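Student: The primary structure of each chain is shown beneath.
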Amino acid sequence: MPAVTETREQVEKLGQSSYKWGFETDIEMDFAPKGLNEDTIRLISSRKEEPQWLLDWRLAAFAAWQTMEEPTWAKVSHPPIDYQDAYYYAAPKKKAGPKSLDEVDPELLRTYEKLGIPLHEQALLAGVEVPEGEEARMPIAVDAVFDSVSVATTFRKTLAEAGVIFCPISEAVRDYPDLVRQYLGSVVPVGDNFFAALNSAVFTDGSFVYVPKGVRCPMELSTYFRINARNTGQFERTLIIVEDKASVSYLEGCTAPMRDENQLHAAVVELVAMEDASIKYSTVQNWYPGDENGLGGIYNFVTKRGACRGARSKISWTQVETGSAITWKYPSCILQGEGAVGEFYSVAVTNNRQQADTGTKMIHIGRNTRSTIIAKTISAGHSDSTYRGLVRILPKASGARNFTQCDSLLIGDQCGAHTVPYIENRNMAARVEHEATTSKISEDQMFYCRQRGLSEEDAVGLIVNGFCKDVLKELPMEFAVEAQKLLQISLEGSVG
Amino acid sequence: MSDFLNISGLHARIDADGAPKEILRGVDLIIAPGEVHAIMGPNGSGKSTLSYVLAGREDYEVTSGSVSFKGQDLLAMEPEERAAAGVFLAFQAPIELPGVNNANFLRTAVNAVRRARGDAELDAVAFLKTVRAATKKLSMSDEMLKRNVNVGFSGGEKKRNEVLQMTMLQPSLAILDETDSGLDVDALRIVADGVNALRSPTFSALVITHHQRLLDYLNPDRVHVMARGRIVHSGGAELAKEIDVQGYASFLAEAA
Ligand SMILES: Nc1ncnc2c1ncn2[C@@H]1O[C@H](COP(=O)(O)OP(=O)(O)O)[C@@H](O)[C@H]1O
Ligand SMILES: [Mg+2]
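Same order as they appear, the protein sequences are chains A and B. The opening residue of the first sequence carries number 1 in UniProt numbering; numbering runs sequentially from there. The opening residue of the second sequence carries number 1 in UniProt numbering; numbering runs sequentially from there.
Please keep in mind that the hints were generated in silico from the structure rather than gathered at the bench. Mixed in with the good hints, there may be bad ones.
Listed below are the simulated DSSO-like cross-link pairs for lysine-lysine, each with C-alpha atoms no more than 30 Å apart in a straight line [as the list claims (entries may be wrong)]:
| # | chain 1 | residue 1 | chain 2 | residue 2 |
| --- | --- | --- | --- | --- |
| 1 | A | Lys440 | A | Lys396 |
| 2 | A | Lys440 | B | Lys129 |
| 3 | B | Lys137 | B | Lys158 |
| 4 | B | Lys137 | A | Lys440 |
| 5 | B | Lys158 | B | Lys241 |
| 6 | A | Lys473 | B | Lys146 |
| 7 | A | Lys213 | A | Lys485 |
| 8 | A | Lys473 | B | Lys241 |
| 9 | B | Lys70 | A | Lys440 |
| 10 | A | Lys485 | A | Lys396 |
| 11 | B | Lys146 | B | Lys136 |
| 12 | A | Lys280 | A | Lys213 |
| 13 | A | Lys396 | A | Lys213 |
| 14 | A | Lys75 | A | Lys469 |
| 15 | B | Lys146 | A | Lys485 |
| 16 | A | Lys485 | A | Lys473 |
| 17 | B | Lys129 | A | Lys469 |
| 18 | B | Lys146 | A | Lys469 |
| 19 | B | Lys21 | A | Lys473 |
| 20 | B | Lys129 | A | Lys485 |
| 21 | A | Lys469 | B | Lys158 |
From a predicted model like this one, the values you see are computed outputs, not experimental measurements.
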């Protein structure tokens with residue numbers, strides 16, 4: 001039927017141009033020479049005016065990395081990556097030392113404005129006039145990382161008054177060296193895996209959060225990562241430490257320009273939660289996914305791990321993964337303290353030629369530790385998505401409990417979804433439950449929705465959001481709305 | 001005067017495991033504004049197929065014939081465009097949408113057609129007011145709005161939910177495909193009331209049914225018998241009574 005073909009073509013066109021964050025910022029950059037060797041690492045370290053211990057730490061990581069091989073167990077495939085053919089340091093030029101917002105390059109401010117990331121504190125403060133038709137937003141402190149450096153961090157004063165430290169990690173190295181030295185690499189050791197070792201050798205910036213004893217962080221913290229420069233890897237490092245009875249909610253977002261070549265993003269995130277502490281870590285990952293034929297896009301190879309060190313501590317990961325050509329990512333919890341709680345809520349969407357291999361590891365060490373895993377996988381187009389999860393219960397973890405629910409939703413019949421749950425239970429008094437389902441958006445469902453007046457996009461959006469709602473409700477309110485829209489945009493062109 | 005709905009020489013087939021199977025074999029039917037028509041006929045005669053083709057289901061291929069609706073070529077329109085233009089189909093087997101909240105679905109649908117018809121969208125409060133009024137009129141509990149679309153609904157609940165959607169979407173042509181099947185007397189009454197409440201000079205209905213009882217409540221202007229993909233006989237409301245007593249046998253002989 002020609003009418004149908006035509007719509008499909010129109011919808012497909014929409015799909016191609018639906019990545020709305022794909023523009024490039026023209027700004028003068030300072031690059032380290034291409035390639036990866038000890039000199040590159042020394043140069044990064046000296047640009048950042050780092051102490052000797054950190055340079056030594058990086059060099060040790062580099063030495064470890066050189067003995068390691070890229071992991072091949074994930075269900076993803078890509079041409080070999082030439083690690084010598086990339087830049088490892090790229091920073092916008094006019095960068096001075098510590099700065100107020102007024103000193104930030106206006107071109108950068110415009111970039112973040114275009115991305116919808118508020119960097120103007122005034123406009124955000126409660127009670128200040130809100131443009132008509134827009135709802136007043138809760139203030140959110142933002143750390144904006146542009147390629148290799150943090151360009152602005154907002155609300156630092158307000159946070160400092162509460163005792164919360166929120167700053168670029170490069171500054172934390174300078175201002176809080178003891179804290180950084182104590183915790184950096186304590187959750188993800190330098191030689192943990194190939195990509196973590198690489199990150200440890202060359203990481204350039206990222207966020208540092210410290211919430212002291214008894215403090216509930218007064219606002220949401222968020223870091224916004226932007227890759228802009230060509231042929232440049234992004235290796236950010238995030239370290240969040242929350243002391244006894246303290247809590248924080250942290251969100252990260254990320255985008256990149258549309259480019260034909262693949263770019264590498266290998267981040268490491270470490271979380272430490274002490275007694276009765278709670279960390280809520282939310283991610284809306286929207287790196288450029290490549291075009292409909294699989295050209296370009298970000299390789300997202302990320303190590304995220306949280307240590308629930310104290311009794312009754314809690315770490316909750318929520319992720320909405322819509323971007324990247326390849327996603328390789330397993331945010332995990334080490335449940336050490338008695339009664340510690342780990343949670344993993346995930347929505348992973350792949351369309352066109354995207355590949356995702358993502359999941360979590362819940363390591364139950366302490367008694368009565370509990371974990372919950374809710375993973376929703378949506379595959380469309382020619383994409384392929386795998387949930388890979390490990391639940392490990394150690395002998396001392398009596399009374400430990402895990403509940404895992406993995407659901408896959410397929411759109412069309414060219415895509416794949418796989419579930420790989422590993423369960424290692426070494427304590428008879430622990431309870432592990434696993435449920436899994438696979439479903440498809442049927443033609444009947446599409447026709448029913450369209451008969452009621454919904455467009456194909458609206459119908460898919462409604463069904464997908466229904467499928468994901470157990471995860472989306474875990475996101476901070478404002479981001480849940482964004483995430484819903486993002487899901488719909490990511491799946492544009494997937495039906496027809 | 002241009003006809004409201006004019007189906008002329010409609011042939012449609014479906015691809016049944018690689019072999020085309022002709023199901024509609026020259027359907028002719030004219031419905032004027034404000035009229036209620038009933039279609040009766042044995043199982044497998046093509047009644048549901050006709051309703052799907054009118055609503056725009058893509059797996060049926062129209063091989064010849066035409067359908068004009070309010071002066072437009074209905075067959076050239078997408079299903080959602082037909083819905084916006086006023087076509088509503090109450091499904092013989094309503095579809096389940098797991099995870100999709102019934103009220104949210106209804107509001108999204110209502111606002112989609114309102115937008116397409118150039119009406120202002122209903123905000124959450126206005127919608128809730130309208131839907132509460134509708135459920136009350138249909139003796140439905142609001143609890144049904146909180147559940148997922150048709151998931152775990154009993155047969156009767158599904159049918160009532162279809163009538164609720166019809167009420168909210170304000171169609172100008174409602175096609176009801178055996179909405180009365182499997183309903184008890186009270187539920188039947190609700191369906192009939194739902195249709196009768198919409199009756200106006202700008203609302204028409206095409207009611208597919210096996211039962212005289214629903215037609216007692218609706219008092220149709222015309223009754224048609226469908227057999228082997230064609231309308232083989234038409235008459236007034238009394239024809240339904242005749243069929244109730246005699247069955248379809250005599251009309252089938254006519255069609256052969
Ligand atoms: N998807 C399909 N594939 C094959 N045959 C079909 C399909 N849909 C309908 N038919 C056939 O078309 C004929 C008419 O079906 P239908 O329109 O459902 O009749 P009715 O509603 O009058 O009972 C039946 O013989 C049925 O088996
Ligand atoms: Mg039927």
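Student: Does B:Lys241 lie within 30 Å of B:Lys158 when you go C-alpha to C-alpha?
Tutor: This hinted pair holds, its Cα atoms lying about 28 Å apart.
Student: Is the hinted pair B:Lys146 and A:Lys469 satisfied, with a Cα-Cα distance of at most 30 Å?
Tutor: 14 Å, holds
Student: Holds or violated: B:Lys129 with A:Lys485, Cα cutoff 30 Å?
Tutor: 27 Å, holds
Student: A:Lys473 and B:Lys146 were given as a pair; does the straight-line alpha-carbon distance stay at or below 30 Å?
Tutor: Holds, at about 17 Å.
Student: Can you confirm whether the C-alpha distance between A:Lys473 and B:Lys241 stays at or below 30 Å?
Tutor: 55 Å, violated
Student: Does B:Lys137 pair with A:Lys440 here, judged by a C-alpha cut-off of 30 Å?
Tutor: 36 Å, violated
Student: If you draw a straight line from the CA of B:Lys146 to the CA of A:Lys485, is it 30 Å or shorter?
Tutor: It holds: about 23 Å lies between the C-alpha atoms, which stays within 30 Å.
Student: Starting from A:Lys396, check that the Cα of A:Lys213 is at most 30 Å away, please.
Tutor: 28 Å, holds
Student: Keeping to a limit of 30 Å between CA atoms, is the pair of A:Lys280 and A:Lys213 held or broken?
Tutor: 17 Å, holds
Student: Check the hint pairing B:Lys146 with B:Lys136 against an upper bound of 30 Å on the C-alpha distance.
Tutor: Judged against 30 Å, a Cα distance of about 15 Å means the pair holds.
Student: Just to be careful, I want the Cα atoms of A:Lys440 and B:Lys129 compared with a cutoff of 30 Å; is the pair within it?
Tutor: 34 Å, violated
Student: Would the pair B:Lys129 and A:Lys469 pass a check requiring their Cα atoms to be no farther apart than 30 Å?
Tutor: Within the cut-off at roughly 25 Å; holds.
When held up to the earlier numbered hints, the structure conflicts with 1, 2, 4, 7, 8, 9, 10, 19 and fits the remainder.
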